[in-house]
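Visitor: In order, the protein sequences belong to chains A and B. Using the UniProt record's numbering, read the first sequence as starting at 1 and increasing by one per residue. Using the UniProt record's numbering, read the second sequence as starting at 1 and increasing by one per residue.
Hint data in this document are derived by calculation from the structure and do not stem from the laboratory. Accuracy of the hints is not assured; some may be wrong.
As the list claims (entries may be wrong) - Derived SDA-like pairs: lysine to any residue, alpha-carbon spacing no greater than 20 Å straight-line: (1) Lys122/B - Ser216/A; (2) Lys122/B - Gly211/A; (3) Lys200/A - Trp215/A; (4) Lys200/A - Asp182/B; (5) Lys220/A - Phe111/B; (6) Lys220/A - Phe154/B; (7) Lys7/A - Ile294/A; (8) Lys200/A - Pro109/B; (9) Lys7/A - Val295/A; (10) Lys220/A - Thr105/B; (11) Lys200/A - Thr105/B; (12) Lys122/B - Trp215/A; (13) Lys220/A - His156/B; (14) Lys200/A - Asp128/A; (15) Lys220/A - Thr112/B; (16) Lys200/A - Pro65/B; (17) Lys220/A - Arg118/B; (18) Lys200/A - Ala62/B; (19) Lys200/A - Met104/B; (20) Lys7/A - Ile282/A; (21) Lys220/A - Val231/A; (22) Lys200/A - Gly20/B; (23) Lys220/A - Ile109/A; (24) Lys200/A - Leu219/A; (25) Lys200/A - Arg61/B; (26) Lys200/A - Ala67/B; (27) Lys220/A - Arg124/B; (28) Lys140/B - Gly160/B; (29) Lys122/B - Ser213/A.
Treat the numbers as computed from the prediction; the structure is a model and nothing was measured.
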Amino acid sequence: MLLFMLKRLGQTLLTLLVLTFIIFTLARMTGDPTPLVMPSEATDEDRQFFREQYGLDRNLAAQYVIFLNNAAHGDFGVSFRFRTPAFDIVREAVGPTLSLAGSAMLLAILIGVPLGCAAAVRRGGRLDQFTSLFASLGQATPTFWVGLMLIVLLAIDFPIFPSSGYGTLAHYALPTLTLGFYASSSIARLTRANMVETLKSDFVYMERVLGLSGWSIVLKHALRNASLPIVTYLGLQFGLLLGGAVVTERVFAWPGIGQTIVDAILYRDYPVAQAAILTTAILFLTVNLAVDLIVMALDPRMRDA
Amino acid sequence: MNPIVEVPIVEVQDFGVAFGLKDRPLHAVRGVNLTVRPGEIIGIAGESGSGKSTLCTGLIRALAPTARVSGRVCFDGRSLYDLPMREVAAMHGRDIAMVLQNPMTSLDPLFTIGNQVREVLKRRGVPGAQVREQAIAALKRVHITAPEMRVGQFPHQLSGGMRQRVLIAMATSASPRLLVADEPTSALDATIQDEILLLFRELRDRTNAAVLIVTHELEVIRRVCDRVLVMYAGRIVEQGPVSTVFAAPQHPYTRALLASTPRIEGTEVVLTPIPGQVPDLRTLGPGCAFADRCPHVVDPCRQFKPEFRDLGPDHRILCRLEGGVQ
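Okay, chain A solo, but in the shape it has when bound (with noise of 0.2 Å):
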């Protein structure tokens, strides 16, 4: 057990190198990021002095090697742009995030689950063929458009809440329905999937034989197994979540990660775009983490393994 953990923490370290490599590099094949930084009357001496004031005069074995160092210290330098830590740019950023990706996979988790149960246990029925559609309109439809329809309906025709921006409970209602809708519909689809593979095992067999109530056998005993890929799966959508709402954040001007990456990037800002990518990175391997331990702690089997 500590054991794996050691092992798995030391693979997690691994991976963010790997990982701050590849950052630095695709940084870097985006562009010289001077002409977007200086105004354009500005000579090649004040270039070259921006140049050499951020390092970027250096070879870029050295650069990454000074971008390794003061990263391991927490220092991610200074937006190109704002002129600001690139790290505060990203803080703030950070918790708007986690906020709305957390409030999705809620709704997700609370629609998709019981959902894909019902339609598992009454297969064939109505319910079932409403998850089915559900699913696939969920999956199919654009996220952008889901958002702007809802924006039309649930701001504009019928005010009730704020189309966009950020600040009050009531802004979290429309990102997350959209978010929410999107990954609802496909662990609705994947709980339908393993939970009628699990009412079809010979322990659910067995225990319908013993007479064990209805109740008991699915939530208990069937929902429990079948949960053991969905946890999985969670843990991958809360990452999606995280770096890949960048559609939904633009349409609602949430002022999430996806944003700031996609803005750093425009501007070349190699400091903020590192670090928020980095950060990303980070937050999703903790999950990945977390779940790992959830599935240990549900799933005997793992724990001897």
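On the provided structure of chain A, position chain B as indicated by the hints.
Guide: This is chain B only, laid out in the frame that chain A set:
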């Protein structure tokens, strides 16, 4: 024990089970008439696909919902397929118990043995304060060593034989009146098999329950059963007391089946396989299903339905050959 005065626990009349489409049904079991008395251990033998498992699960109304059942099954005087499912479910585990073939997959892998045994006991109405104690007692009854430690273990930490014992403990916790065991020893080592079979005898001796054991191993039947049913292509082709049938099998299929089990003659192991293969249940003709493989086949066998003939007390065969095989 005198079986004649006892009221049967199960009575089956013209029982059949079909699967598949209505216009192209597959009759897995048909025309079964059977009486099971309390305290009897009955063995059901046959090749794979002979319908022995389907018959057993059908008898206790535990078939897949797609199965279509005909005929009548009475358990303790009540027609099982005329009762609401809710009442049948209440009988499952309490009056009717079942043990499955594969002990490796028949326990929930995520809960401890104790947790699962206790859940069954609670369902039987054992008061909360006694559940713990009774769970350990139930495990002791099936000769599990160190039950106090086992209750804290998970299924994957137990051997196959141990798991089958746990399942038997759970199935028999309420002293059922009928226990159906579907290939209970097929997945186990030969040395464990005897011990598990012994448990069924102990259960019978303790509670006078009727036990049905489905198996393709005739040795199992010879050792523990009182009566044997031989099934072929969904029908019972011979039934009778084990001593009679094993000493002088009358149906050609029973003979062939007994001859096909390896036995030692002198210094050699002899085995006579049955020629041909199990017929396709969809393309059965009007005659005897065994006709194509039968060494004694005569023309009428293929044209006319075989009839049951009584050969002695409790002994009957489904064959038209006069007096069975000579």
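Visitor: Sort out whether Gly211/A lies within 20 Å of Lys122/B, counting only the CA atoms.
Guide: holds, 11 Å
Visitor: Given the hint that Lys220/A pairs with Thr112/B, does the C-alpha gap stay at or below 20 Å?
Guide: holds, 13 Å
Visitor: Within a Cα-Cα threshold of 20 Å, do Lys122/B and Ser216/A meet the stated pairing?
Guide: holds, 12 Å
Visitor: Starting from Lys200/A, check that the Cα of Met104/B is at most 20 Å away, please.
Guide: Within the cut-off at roughly 15 Å; holds.
Visitor: Going straight from one Cα to the other, do Lys220/A and Thr105/B come out at no more than 20 Å?
Guide: holds, 17 Å
Visitor: Holds or violated: Lys220/A and Val231/A, Cα atoms, limit 20 Å.
Guide: holds, 16 Å
Visitor: Hint check: Lys220/A vs Phe154/B, CA-CA at most 20 Å. Holds or violated?
Guide: holds, 16 Å
Visitor: Are the Cα positions of Lys7/A and Ile282/A separated by 20 Å at most?
Guide: OK: Lys7/A and Ile282/A at ~17 Å, within 20 Å.
Visitor: Could you grab the alpha-carbon distance between Lys200/A and Leu219/A and see if it respects the 20 Å cut-off?
Guide: Answer holds: Lys200/A to Leu219/A is near 15 Å, not above 20 Å.
Visitor: Compare the distance between the alpha carbons of Lys200/A and Pro109/B with 20 Å, and conclude whether the hinted pair is satisfied.
Guide: holds, 15 Å
Visitor: Is the hinted pair Lys220/A and Ile109/A satisfied, with a Cα-Cα distance of at most 20 Å?
Guide: Holds, because 17 Å separates the two Cα atoms, which is no more than 20 Å.
Visitor: Measure nothing beyond the straight line between the CA atoms of Lys200/A and Ala67/B; if it is 20 Å or shorter, mark the hint as holding.
Guide: Holds - the C-alpha atoms of Ala67/B and Lys200/A are around 15 Å apart, at most 20 Å.
Consistency with the previously given hints is maintained throughout, with no hint failing.
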